[in-house]
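K.L.:
Spelled out, the chains give:
4 protein chains.
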Amino acid sequence: MASFTYRRQLTIEWGQCDPAGIVFNSRFFEIFDAGTWHMFEVVLGVKPHELAGAFGIIGIPLVDARANFMKPIKFGDVVEMTSRVSEFRRSSFDIEHRLSVGGELAVEGGETRVWASRSKDDPEKIGGIAIPPEIIAKFERA
Amino acid sequence: MASFTYRRQLTIEWGQCDPAGIVFNSRFFEIFDAGTWHMFEVVLGVKPHELAGAFGIIGIPLVDARANFMKPIKFGDVVEMTSRVSEFRRSSFDIEHRLSVGGELAVEGGETRVWASRSKDDPEKIGGIAIPPEIIAKFERA
Amino acid sequence: MASFTYRRQLTIEWGQCDPAGIVFNSRFFEIFDAGTWHMFEVVLGVKPHELAGAFGIIGIPLVDARANFMKPIKFGDVVEMTSRVSEFRRSSFDIEHRLSVGGELAVEGGETRVWASRSKDDPEKIGGIAIPPEIIAKFERA
Amino acid sequence: MASFTYRRQLTIEWGQCDPAGIVFNSRFFEIFDAGTWHMFEVVLGVKPHELAGAFGIIGIPLVDARANFMKPIKFGDVVEMTSRVSEFRRSSFDIEHRLSVGGELAVEGGETRVWASRSKDDPEKIGGIAIPPEIIAKFERA
Numbered sequence: 001m002a003s004f005t006y007r008r009q010l011t012i013e014w015g016q017c018d019p020a021g022i023v024f025n026s027r028f029f030e031i032f033d034a035g036t037w038h039m040f041e042v043v044l045g046v047k048p049h050e051l052a053g054a055f056g057i058i059g060i061p062l063v064d065a066r067a068n069f070m071k072p073i074k075f076g077d078v079v080e081m082t083s084r085v086s087e088f089r090r091s092s093f094d095i096e097h098r099l100s101v102g103g104e105l106a107v108e109g110g111e112t113r114v115w116a117s118r119s120k121d122d123p124e125k126i127g128g129i130a131i132p133p134e135i136i137a138k139f140e141r142a
Numbered sequence: 001m002a003s004f005t006y007r008r009q010l011t012i013e014w015g016q017c018d019p020a021g022i023v024f025n026s027r028f029f030e031i032f033d034a035g036t037w038h039m040f041e042v043v044l045g046v047k048p049h050e051l052a053g054a055f056g057i058i059g060i061p062l063v064d065a066r067a068n069f070m071k072p073i074k075f076g077d078v079v080e081m082t083s084r085v086s087e088f089r090r091s092s093f094d095i096e097h098r099l100s101v102g103g104e105l106a107v108e109g110g111e112t113r114v115w116a117s118r119s120k121d122d123p124e125k126i127g128g129i130a131i132p133p134e135i136i137a138k139f140e141r142a
Numbered sequence: 001m002a003s004f005t006y007r008r009q010l011t012i013e014w015g016q017c018d019p020a021g022i023v024f025n026s027r028f029f030e031i032f033d034a035g036t037w038h039m040f041e042v043v044l045g046v047k048p049h050e051l052a053g054a055f056g057i058i059g060i061p062l063v064d065a066r067a068n069f070m071k072p073i074k075f076g077d078v079v080e081m082t083s084r085v086s087e088f089r090r091s092s093f094d095i096e097h098r099l100s101v102g103g104e105l106a107v108e109g110g111e112t113r114v115w116a117s118r119s120k121d122d123p124e125k126i127g128g129i130a131i132p133p134e135i136i137a138k139f140e141r142a
Numbered sequence: 001m002a003s004f005t006y007r008r009q010l011t012i013e014w015g016q017c018d019p020a021g022i023v024f025n026s027r028f029f030e031i032f033d034a035g036t037w038h039m040f041e042v043v044l045g046v047k048p049h050e051l052a053g054a055f056g057i058i059g060i061p062l063v064d065a066r067a068n069f070m071k072p073i074k075f076g077d078v079v080e081m082t083s084r085v086s087e088f089r090r091s092s093f094d095i096e097h098r099l100s101v102g103g104e105l106a107v108e109g110g111e112t113r114v115w116a117s118r119s120k121d122d123p124e125k126i127g128g129i130a131i132p133p134e135i136i137a138k139f140e141r142a
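Residue numbers (the numbering used here), protein chains in the order written: chain A, 1 to 142; chain X, 1 to 142; chain V, 1 to 142; chain H, 1 to 142.
By construction, these hints were calculated from the structure, which means they are not laboratory data.
Be aware that one or more of the hints could be misleading.
What the hints assert, rightly or not - Some chain A residues flagged as far from chain H (calculated, every beta-carbon gap over 10 angstroms): (1) 15; (2) 34; (3) 44; (4) 58; (5) 76; (6) 86; (7) 101; (8) 125; (9) 128.
Claimed, not checked - Computed cross-link-like contacts, BS3-like style, restricted to lysine-lysine with a CA-CA straight-line distance of at most 27 angstroms: (10) V/47 / V/138; (11) V/74 / A/125; (12) H/47 / H/120; (13) X/138 / X/47; (14) V/47 / V/125; (15) X/74 / H/47; (16) H/125 / X/71; (17) H/74 / H/125; (18) X/74 / A/71; (19) H/74 / X/74; (20) X/120 / X/47; (21) A/47 / A/138; (22) X/71 / V/47; (23) A/120 / A/47; (24) V/74 / H/74; (25) A/120 / V/125; (26) H/71 / A/47; (27) A/47 / A/125; (28) V/71 / A/125.
Even for Gly, the Cβ is constructed at its ideal location relative to N, Cα and C.
Put together the whole structure using the sequences plus the hints.
P.N.:
See below:
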């Protein structure tokens with residue numbers, strides 16, 4: 001899919017690094033999560049905290065996350081990050097994050113999320129609902 | 001006040017430490033917060049996530065936090081922690097946390113929290129209400 | 001492989017949860033990391049911060065991490081966690097973490113780590129070296 | 001002291017918030033820490049990870065941190081933050097952080113840090129050394 005690619009630059013903070021002087025793995029998953037919210041804001045034109053209300057969903061919960069750490073990223077490193085939806089399915093979608101330092105790919109991450117709503121029959125239950133085509137179209141056009 | 005002292009032992013994890021190999025400051029505030037919830041559970045006999053419901057409050061929000069770092073605490077260090085309510089006022093109270101390693105005091109922390117409820121007139125407003133004397137008595141007797 | 005299974009119980013803290021009231025995804029990767037260190041301590045009889053020195057390595061850096069979130073885990077939930085090495089290869093190995101609440105599997109995680117050392121020719125370079133058979137044997141016997 | 005005031009804008013991420021939907025207290029101490037590093041970079045013209053090397057110190061370790069939470073800050077809130085050195089002493093200094101949302105002061109934080117070096121007699125010992133007057137002058141002129 002020719003999907004919109006969201007670009008962001010970030011500088012690694014002291015508090016994100018571990019005793020080896022490199023970013024602690026869990027911090028990358030915070031960075032991925034924030035990247036996804038920002039991308040949705042840019043593409044859909046809706047503030048992250050208004051996303052659920054704007055589209056009648058409870059949110060876009062994460063069902064799968066993964067990362068491949070190719071090169072260590074250190075305190076003070078300037079990271080170029082790209083995020084894009086690599087695939088839309090009926091009610092779920094995949095996001096791909098890439099973090100590079102000095103032009104070299106250092107970390108690749110992936111998230112699978114669900115376009116989720118409460119069940120009408122049982123509000124305790126949360127499940128995926130069909131992603132509206134106009135949402136998908138916005139990512140293609142963006 | 002002769003208040004109950006809650007004791008806990010914890011071992012410092014890799015992910016809690018920074019490039020200097022010592023616990024990153026924000027992690028102590030996570031540790032203090034958890035210590036307060038655990039102490040309340042032990043003294044009041046109510047699970048943390050049931051505290052609000054059990055006492056008709058919305059929670060015990062933090063209004064002030066502070067820490068004094070006397071000695072660095074490192075990855076793998078075994079920490080002895082004590083937590084106690086050092087003062088109850090009408091609707092707020094102070095908690096004191098002390099972390100020692102090898103018998104030496106390393107970090108001293110303090111929290112001020114409010115026994116908080118929604119205003120009956122304006123549910124958007126949250127404010128302190130009088131702490132029930134039986135709550136205070138439990139901390140003295142514990 | 002009939003590998004040792006490390007068991008641990010943990011209770012979810014307030015500070016590990018997000019506005020949906022469930023554990024924020026990055027926190028699971030902290031939990032996995034700590035689980036791996038603890039398992040190594042139990043099996044090898046070496047404190048985490050002494051692991052590198054004891055075996056002449058620089059550590060066991062993570063090259064891949066992944067998680068599958070099947071059921072949300074909430075504030076106050078008591079989690080039963082198991083961790084085991086699911087495969088040893090020449091210089092890398094896979095760890096499998098499973099978190100259950102009330103007997104139901106909620107999160108499955110995986111890590112791939114390297115038994116890593118500095119290159120003798122270029123100390124700036126870090127790479128995998130062969131995992132000693134006695135290390136692998138300890139995980140099988142444990 | 002007419003000290004330089006460093007200004008920064010940040011937007012609160014989902015992962016920084018707790019089940020009450022507001023920033024979890026420890027996150028503010030991460031924000032303060034990053035604010036201090038950024039301010040030093042701007043004033044001294046030295047990248048955070050080069051600070052120690054550039055001035056012959058081991059760093060600017062934190063000895064005291066504190067925060068006063070006046071108004072909750074929520075997911076999606078745009079925060080205006082100011083940081084300044086409020087006092088320089090011989091070998092330690094105080095930093096004051098202020099976070100406002102919509103023009104209203106929401107959180108006030110303070111840090112006390114030491115201009116620290118290893119002892120010449122005992123490299124295991126770390127202690128404060130006199131802050132060079134040219135460093136202080138840069139904060140006044142900035």
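K.L.:
Now tell me if each hint is right for this structure.
P.N.:
Verification of the hints:
Its closest Cβ contact with chain H, about 5 angstroms, brings residue 15 of chain A to no more than 10 angstroms, contrary to its assignment away from the interface. With a minimum CB-CB distance of about 5 angstroms to chain H, residue 34 of chain A fails to clear the 10 angstroms threshold, and the non-interface call is violated. In this structure residue 44 of chain A is separated from chain H by more than 10 angstroms, as the shortest Cβ-Cβ distance comes to about 14 angstroms. Residue-level check passed: residue 58 of chain A sits 13 angstroms from the nearest beta carbon of chain H, beyond 10 angstroms.
In this structure residue 76 of chain A is not separated from chain H by more than 10 angstroms, as the shortest Cβ-Cβ distance comes to only about 3 angstroms. Distance check for residue 86 of chain A against chain H: the nearest CB is about 21 angstroms away, which clears 10 angstroms, and the non-interface claim stands. Look at residue 101 of chain A: its CB is around 13 angstroms from the nearest CB on chain H, clear of 10 angstroms, so calling it non-interface holds up. At roughly 20 angstroms, the least C-beta separation between residue 125 of chain A and chain H is larger than 10 angstroms, which holds for a residue marked as non-interface.
The beta carbon of residue 128 of chain A sits about 19 angstroms from the closest Cβ of chain H, which is more than 10 angstroms, so the claim that it is off the interface holds. With a C-alpha separation of about 15 angstroms, the suggested pairing of residue 47 of chain V with residue 138 of chain V holds against the 27 angstroms cut-off. Annotation: proposed proximity of residue 74 of chain V to residue 125 of chain A holds, straight-line Cα distance about 15 angstroms (limit 27 angstroms). Between residue 47 of chain H and residue 120 of chain H, the direct Cα distance comes to roughly 26 angstroms. Compliance with the 27 angstroms bound is thereby established for this hinted pair.
Restraint check for residue 138 of chain X and residue 47 of chain X: satisfied, since their Cα atoms lie roughly 15 angstroms apart, inside the 27 angstroms limit. Pair hint residue 47 of chain V plus residue 125 of chain V holds up; C-alpha atoms about 26 angstroms apart against a cutoff of 27 angstroms. About 26 angstroms separates the Cα atoms of residue 74 of chain X and residue 47 of chain H, which keeps this hinted pair within 27 angstroms; it holds. Proximity of residue 125 of chain H to residue 71 of chain X is assessed by CA-CA distance (about 11 angstroms); at most 27 angstroms being required, the pair is judged to hold.
Simply put, residue 74 of chain H and residue 125 of chain H have alpha-carbon atoms about 42 angstroms apart, too far for the 27 angstroms limit, and the pair is violated. In summary, the hint linking residue 74 of chain X to residue 71 of chain A is supported, as the alpha carbons are separated by about 26 angstroms, within the 27 angstroms threshold. Only pairs whose Cα atoms come within 27 angstroms are accepted, and residue 74 of chain H paired with residue 74 of chain X is rejected, the gap being roughly 33 angstroms. Our distance criterion of 27 angstroms between C-alpha atoms is met by residue 120 of chain X and residue 47 of chain X, whose separation comes to about 26 angstroms.
Between residue 47 of chain A and residue 138 of chain A, the direct Cα distance comes to roughly 15 angstroms. Compliance with the 27 angstroms bound is thereby established for this hinted pair. Between residue 71 of chain X and residue 47 of chain V the CA atoms are separated by roughly 21 angstroms; this keeps the pair inside 27 angstroms, and the hint holds. For the suggested pair residue 120 of chain A and residue 47 of chain A, the alpha carbons sit about 26 angstroms apart, so the restraint of at most 27 angstroms is met. The straight-line distance between the Cα atoms of residue 74 of chain V and residue 74 of chain H is roughly 20 angstroms, inside the 27 angstroms bound, and the hint therefore holds.
Distance hint between residue 120 of chain A and residue 125 of chain V is unfulfilled; the C-alpha atoms sit about 57 angstroms from each other, more than 27 angstroms. With a CA separation close to 21 angstroms, the supplied pair residue 71 of chain H and residue 47 of chain A stays within the 27 angstroms bound. With a CA separation close to 26 angstroms, the supplied pair residue 47 of chain A and residue 125 of chain A stays within the 27 angstroms bound. In summary, the hint linking residue 71 of chain V to residue 125 of chain A is supported, as the alpha carbons are separated by about 11 angstroms, within the 27 angstroms threshold.
Violated hints, in rising order: 1, 2, 5, 17, 19, 25; the structure is consistent with all others.
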